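Protein chains in written order, with my numbering: chain X, 1 to 374; chain E, 375 to 505.
Derived from the structure by calculation, the hints contain no laboratory data.
Keep in mind that this is a model prediction, so the values were computed, not measured.
Beta carbons are placed, not taken as given, at the ideal position from N, Cα and C, and that holds for glycine.
Warning: the hint list may mix true and false statements.
[To be verified] With a Cα cut of at most 30 Å, we get these calculated DSSO-like pairs of lysine-lysine:
no., chain 1, residue 1, chain 2, residue 2
1, E, K501, X, K342
2, X, K166, X, K155
3, E, K473, X, K342
4, X, K298, E, K473
[What the hints assert, rightly or not] Some, not all, of what chain X presents toward chain E, calculated at C-beta under 7 Å:
no., residue
5, T31
6, I34
7, H38
8, T313
9, Y314
10, L318
[Said to hold, decoys possible] Stretch by stretch, here's where chain X covers chain E in the computed footprint (C-beta under 8 Å, at least three residues):
no., stretch
11, 398-408
12, 483-496
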Amino acid sequence: MGRRTPLFDLHRQLGARIVDFGGWDMPVQYTSQIEEHHAVRRAAGVFDVSHMCVIDLEGSQARAFLQRLLANDVAKLKTPGKALYSCMLKESGGVIDDLIVYYLDDSHYRMVVNAGARDKDLAWIRHHAADFDVEVTERDELAMLAVQGPQAREKVSDLMSVPNAKQALALDVFVGRQIDHWFVARTGYTGEEGFEIMIPAAEAVHVWQKLNNEGVVSCGLGARDTLRLEAGMNLYGNDMDESTHPLESGLAWTVAFEPVTRKFIGREVLDVLEAKGSPRKLVGLLLEDRGILRSHQKVIAPGIGAGEVTSGTYSPTLERSIAFARVPAGTGEQVQVEIRGKLLNARVVKPPFVRNGQSQWAKAAPFAHESKGL
Amino acid sequence: MSNVPSDLKYTKSHEWVRSRADGTVEIGITDHAQHALGDLVFVDVPEAGRVVSAGEACAVVESVKAASDVYSPIAGEVTDRNPDLAAKPEVINEDPYGKGWMMRVRPANAGALASLLSSADYEALLKEEGA
C-alpha cells in the first residue's frame, strides 16, 4: 500500500482507477483521461495534488538561505504573495527538484516541491538550513487541490464568502494569499487559468464534493500529464533529474546568473556551461507520422547525432503525438524517431504546443504519408 | 462486468475470434481489454499478405499511457485489416466486437479454432483474474 492523501477514499468512491505515483496511491483517471483533459481546456477540472509537499521557511535569514539554495533568485519577489519557479541544484549542477516558492514576508517563504522528491528535498533543505537562522516546517496538515480551466477561478470563489471571493479574484498571476484558512494561489500546471488551494486536510473531501456539484470535473494524473506537456511544462524525473542540468533541460530561463555575487549551489558548474555553451538542448517534437512518442525512444538528428525522447504522449487538443526530447545542440528542424524498429518523422518545435486553449500547430494538417494508410 | 458474446471464441490474452462464411476469421480485442486499456489513440495492424503464427505479437494498440501487443490467436495469412482504425482508433473502445474488428485472417489449418476458449471459458478466466 502506498501513501494516501485525505481524498483517497473519495477517489475510490468516485470510481477512480488508482496507480502508484512516486510511492503514493493516486487516481490516474475517473472516467476517461481524454474527456478529463478536454474538461480542463474547455471548462474546469479539479486535481488532488496533496501528495506534493508544502514547506515553510521562517526566520531572519530565510531570504539569504533561499538565495543560496535555489538557482532562481527570490530577491526578485518584491510584493507579498508573489511566487517564482526554480530548480534546486546539486554542486554538480544536476537538478534535485523543480519547485515554486512564494514570498509571504521578509521572514517567511513557502515552497511547494514534488511528491516523488519530497523526502530527499527535505533532507537536503534541512542540511543546508543549519547554516542559517531559518526554521524549516513541513506543512503536512494541509491538503492541496488544483482547480484549472477557464471557469476554475469563478467556481472556487463561488465556494467562498463574498469578501474572500473578492480577494481571491483580485489575485494576480503567480501570486498566492492566505485568505482565512485557505492559501489561494493563481498558479497551475496545465497552461490554463486557475487556482491551487492549500486547505486544512479535514476540509478536502467536502470542498471536492462541492466543486463536483458546481460542475467541476474530477481529473486524474493521466490528464495532468497530457495537459502539462501540451503547455510546455517540464516533469521532474522525465525531462530533468540529478544527471542533467538546467541548460540542457529547457530551464536556462529559470537560472538567475545576475547578480554575479550570488553564490547559489551549483553556480560554478553552470557558469562554465553557460560560457562554453551546452552540448545538448531540450526541444519540443511534433510527430508527423502516425504513432505515439514515448520516453527513451531514440531521436536521430541527420548528420548531427542522436538524442532521446524524455516525455512523450498523445495530445488530445492537437490530436497527434507530442514530446520533449534531449538532442545535440546543433539539431535542426527535422528529426527521426525510432519506434518499434521503424524511423518516423518528427518536427522540432518550440513549446508550448497549446496556448490559451488553442493549438499552436495546425490541427488540420494531415499526417505525412496519409496515402500509405497505417 | 464486461460483455462476452457467446458466438465468439477467445484467447487468454483477451483477443476474440469470429468465423466468417468465406472461411476467414475476424479478430479483435475484447470488451474487457478495451476497458482496461482506456482511450485508444493509436492502432497498428499488419497489412494484407502478412503471414502470422499462433501466439505471435502481430499488432499494437496504444492508449495515452502505454502500448500493448495484440497476439494472433491462430496461424494464417492476413487478408484484410480494418481501414477505419488509422483515423479513429477509439472505435475499438466504442464497439470492440463490431466496428472495432482489427484484422481478418485465412487460417493455415482447419480446426485451428478448436484450441481457443469458449465464451464460458473466457468468462471463467475473467472471474479468476478478478475482473
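Outcome of the hint check:
no.	hint	verdict
1	E/K501 - X/K342	violated, 38 Å
2	X/K166 - X/K155	holds, 13 Å
3	E/K473 - X/K342	holds, 28 Å
4	X/K298 - E/K473	violated, 35 Å
5	T31	violated, 10 Å
6	I34	holds, 5 Å
7	H38	violated, 11 Å
8	T313	holds, 6 Å
9	Y314	holds, 4 Å
10	L318	violated, 11 Å
11	398-408	violated (count 0)
12	483-496	violated (count 0)
Hint compliance for this structure: hints 1, 4, 5, 7, 10, 11, 12 are not met, and every other hint is.
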